[in-house]
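> Heads up: the sequence shown is residues 21 to 243, going by our numbering.
None of these hints come from the bench; they were simulated from the model.
No residue lacks a Cβ here, since even glycine has one placed at the ideal position from N, Cα and C.
Hints may contain errors.
[Said to hold, decoys possible] With a cut-off of at most 27 Å between alpha-carbon atoms, the simulated DSSO-like pairs for lysine-lysine come out as follows: (1) Lys181 x Lys163; (2) Lys217 x Lys181; (3) Lys243 x Lys212; (4) Lys166 x Lys212; (5) Lys163 x Lys99; (6) Lys212 x Lys181; (7) Lys48 x Lys62; (8) Lys38 x Lys128; (9) Lys235 x Lys166; (10) Lys166 x Lys181; (11) Lys235 x Lys212; (12) Lys99 x Lys48; (13) Lys62 x Lys163; (14) Lys128 x Lys166; (15) Lys128 x Lys99; (16) Lys38 x Lys48; (17) Lys166 x Lys99.
[Unchecked claim] Just the calculated beta-carbon pair ranges, DEER-fashion: (18) Cys242 x Asn78: 37 to 43 Å; (19) Glu150 x Gln42: 51 to 57 Å; (20) Lys212 x Glu119: 31 to 37 Å; (21) Lys243 x Lys212: 16 to 22 Å; (22) Leu77 x Thr197: 33 to 39 Å; (23) Gln216 x Asp156: 26 to 32 Å.
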Amino acid sequence: MLLQACTNASDRLLNEAKDLMQQGEYEKAKDYLNRAINQDVKNAEAFNARGVVYFNLNDYQNAILDYNQAIRLDSQQYKPYFNRALAKTRLGNTEGAVEDYSRAIGLKPDTNEVYINRGYVYMQLDRYNEALLDFDRAIELNKQDKRAYFNRGSVQMALGKFDQASQDFARAIQLDTGFADAYFGWGQSELKRQNQKSACQYFQRASQLGHATAKRISEALCK
21 MLLQACTNAS DRLLNEAKDL MQQGEYEKAK DYLNRAINQD VKNAEAFNAR
71 GVVYFNLNDY QNAILDYNQA IRLDSQQYKP YFNRALAKTR LGNTEGAVED
121 YSRAIGLKPD TNEVYINRGY VYMQLDRYNE ALLDFDRAIE LNKQDKRAYF
171 NRGSVQMALG KFDQASQDFA RAIQLDTGFA DAYFGWGQSE LKRQNQKSAC
221 QYFQRASQLG HATAKRISEA LCK
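Construct the entire structure; sequences and hints are all you get.
Put into structure tokens, the structure is as follows:
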């Protein structure tokens with residue numbers, strides 16, 4: 021009976037902490053999570069949540085320690101692996117991040133967010149073909165995610181596939197007409213396709229949306 025009472029108390033504190041996290045009250049949330057863990061040292065979800073708090077407080081090392089413990093307590097949940105990958109990326113451990121994203125995918129293969137993030141890390145590692153596969157899969161899972169199209173367009177640029185890049189940037193803009201980076205990317209791909217007039221149009225639109233590099237390029241190129 022005592023064990024059940026402690027577990028219930030821990031979960032109540034965890035839920036209160038989650039409410040505080042949604043409000044951006046991370047220090048207060050951490051206090052509640054400390055208490056939740058004191059009530060039940062086997063509460064894997066509380067360790068994962070406290071890791072998220074540490075991450076949002078830019079304390080990536082402690083975040084990783086909490087994700088490690090969450091995984092030790094319950095290795096079948098994908099979120100601690102996903103979250104640990106984010107922290108590893110912030111610390112420059114991109115290879116470790118790929119490993120964690122891959123583990124998360126093994127546990128939750130139908131989540132497009134994981135493919136987007138792993139694809140982004142692959143891009144950082146210049147592993148463009150693997151990145152392309154991940155963004156393809158992310159789009160299969162959610163055809164309304166502008167980030168997947170934008171990132172795939174960026175990979176197509178790196179691979180010299182400028183026609184495909186333009187198509188992806190255009191699709192990203194269809195989903196978000198205020199997407200400055202996508203207009204800038206589209207301008208770059210059109211420039212590579214020898215379509216300077218179109219390129220200038222997109223650079224100027226990106227500039228209007230506050231893209232500083234696009235502003236400089238349009239001023240120099242588009243007289």
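> For the pair supplied as a hint, Lys235 and Lys212, confirm whether the alpha-carbon distance does not exceed 27 Å.
holds (18 Å)
> Range hint 33 to 39 Å: satisfied by the CB atoms of Leu77 and Thr197?
holds (35 Å)
> For Lys163 and Lys99, compute the direct alpha-carbon distance and say whether it is at most 27 Å.
holds (22 Å)
> Hinted pair, alpha-carbon criterion (27 Å max): Lys38, Lys128. Please report holds or violated.
Distance of about 22 Å is within 27 Å: holds.
> Is Lys166 close enough to Lys181, meaning Cα to Cα at most 27 Å?
Distance of about 19 Å is within 27 Å: holds.
> Has the given pair, Lys181 with Lys163, been kept, meaning a C-alpha gap of at most 27 Å?
Status holds; Cα separation ~21 Å.
> In this structure, is the beta-carbon distance linking Lys212 and Glu119 contained in 31 to 37 Å?
Once the Cβ atoms are compared, 34 Å apart, the range 31 to 37 Å for Glu119 and Lys212 holds.
> Keeping to a limit of 27 Å between CA atoms, is the pair of Lys48 and Lys62 held or broken?
It holds: about 21 Å lies between the C-alpha atoms, which stays within 27 Å.
> Using the C-beta atoms of Glu150 and Gln42, is the stated range 51 to 57 Å upheld?
Violated - the Cβ-Cβ distance for Glu150 and Gln42, about 34 Å, lies outside 51 to 57 Å.
> Given the hint that Lys212 pairs with Lys181, test it: the Cα-Cα distance must not exceed 27 Å.
Cα-Cα ~10 Å, so holds.
> Is the Cα-Cα distance between Lys99 and Lys48 27 Å or less?
Cα-Cα ~22 Å, so holds.
> With 37 to 43 Å as the target window, see if Cys242 and Asn78 comply at their CB atoms.
With Cβ atoms ~40 Å apart, the hint holds.
Consistency note: the structure conflicts with the earlier hints numbered 13, 19.
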